[in-house]
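Given the coordinates of chain A, work out where chain B should sit on it, guided by the hints.
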Amino acid sequence: MYPRWLWQACAAPGVFWLLLLFIVPFYAVIGVAFGQLDPIFQNPIPIWNPLHWNFDNTLSILAQFVPGERYWLVFVRTTKYIFFAVAISLLIAYPVAYYISRHARRTKTILLVLLVLPFWVSYLMRMLAWVGLLSPDGLVNNFLIWSHIDTDPPNWLGGHPGTVIFALIYGYIPYMILPLVAALDRIDKSLIEASRDLGMTARQTFFRVTLPLSKMGILGGCVIITLPMFGDYYTPQIVSGSPETSMLGNQIYLYFHGGPQPDVGATLTVVLSLFLAVLMAYYLYSVARAQKDLQ
Amino acid sequence: MSAVAEETRKPDTAARLLHRVRALVSNPHGRPRALMTITWIYMVWTILPVLIAILFSFNDGRSISVWQGFDATRWYWGDPVNSVWQDPGLQSALWQSLKLAGLDMLIATPLGVLLALGLARWRGYGSRPANFLMLFPLITPEIVMGVSLYLVFQYVYVFVEPSTTAQVLGQVTFSISYVVIVVRGRLLSIGRQYEEAAADLGATPAQCLRLVLLPLMLPAILASTMIVFAISIDNFVIAQWLSCGAGCDTVPIKVYTATRSAPLPSINAVAAIMVYLTLAAVVLAYVVYRFLTRGERAKGQGQSEFAQMGSIDFN
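Chains as they are written, first to last, in my numbering: chain A, 1 to 295; chain B, 1 to 315.
Bear in mind the hints are in silico, worked out from the structure with no lab data behind them. Ideal placement from N, C-alpha and C gives every residue a C-beta, glycine not left out. Fair warning: there could be bad hints in the mix.
[Stated by the list, open to error] To spell it out: a stretch of chain B is covered by chain A in this simulated footprint if at least three of its residues, at any positions, have a beta carbon under 8 angstroms from a beta carbon of chain A; those stretches are:
# : stretch
1 : 77-90
2 : 160-174
3 : 228-241
4 : 278-286
[Stated by the list, open to error] Covered, in the sense of this in silico footprint (three residues per stretch, anywhere, with C-beta under 8 angstroms from a C-beta of chain B), are these stretches of chain A:
# : stretch
5 : 3-11
6 : 158-164
Isolated chain A (complex conformation) (with noise of 0.2 angstroms):
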């Protein structure tokens, strides 16, 4: 009914868009960080030809990250870091994504509104409440101290690891809980109730049905919150600021706005890049799967 080629020209503009400042921008970052020196200047030469990239660079930086040098060090805590926001995480929203989803009746919609508002807060805005709250005249400190719970309470501010921890936490959680919710939901409830009617115990139902069936929805939420960490270099620099505990994303952002050096900002990105496309493989792979599953 429609002629041939409405939609291909309804996807060309979006599909040029995306061409145009996706693609080639990311081949620009490949081009400046295999690309050469100016002699004189020391500002990037990018070479856009792949036979005549020039990989001394990137081998001199992929240098330092074996053991003891320096990027070493800072992987090392980035992937410490999320590690343990990501595993905390995951321990706080399972719970919370089963109730909502398995035992929540009246309070259900009132309990998603709330889950979805910190969506609708700026990142920068929840930060901005710990700083008040974690500062050291702040509430947490006045409250330790009236409780006496620690009478010399630390500056949680002045580059405490246990606060990047905390604060990549509570900027990401969010985003792991709807797709357990999602996940959890999904769940027939029918398996459940075989379950319970072959003899199994509610706990054995857990570890055998509901935790296996909610597999995809781990995964997945583990995966959407541990991209955007890696990038992450603004949570670090808010609630400490210390090189003590700099993630990659701040290697990266320093290199770029510190002392310039586009060069080794653009290795560190390409080298970021390709150690988080197996994760984005996987998320990709199974969205498309999601997909098929839909169509």
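What follows is chain B alone, placed relative to chain A:
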């Protein structure tokens, strides 16, 4: 006898407390109180800090951490130097944020709607890679997009300086995919039967598009516009990487710089204004959405759609 009755009526406080705690943890047949407690503690923990931060925008003193009395207007427009309305930096940041959000909505929504139509219906060579391409901006860490746009404007599209234009181009790139996800979901759920019926009854293709497809897509277009507004207001990384300096600062950039020095409650006030605006927009969009889709859904389905509006919005 009466002593025993007395004892059963008034059990030891400690024992009663223990009983309470045990009932909270192991309660096989009743309501899962432990889960309920965790859930509500989580809700309070996510929302209360933001409410406190908004409250501090009404602080009478110059601190964002010590409460010094209530003053409803000082940091919004009362203070002659530092309030949002009087501080030129904050005021321009507010306008810059709104300007970027407006332009982003105007450009990203039509592009995304067309792309969604194309991707949902175009079958053939090139449609699978296009589908794939659309998903990438959603999962790429923002710093990678920031770096790549920063470098592309420096080395390839040299005619675009770091400026409002560059910020808009970057934010649109970042928002198109959200529009596509929302609109395509709607397209798949309405199917093609209504248009086919219209064509059978003699409508031309143009009439099918305008009188059948467009009204059916309208709720999703509206929801996606709303989402573009929210992610554009919230966007920090891309706006910062493509900023031209103080003149291009948006509210999130102001908040970021302020937290590193000594922030005044006016920062809370300007961030709070963004929260009010976003919430007002969400409520408005939701009301209009419900109005446009009235009579379409079974009871109780609206809540999941509302949840969906947030679920795909991730940093």
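Going back to the hint list, which numbers does this structure go against? Result: hints 1, 6 break, sorted rising.
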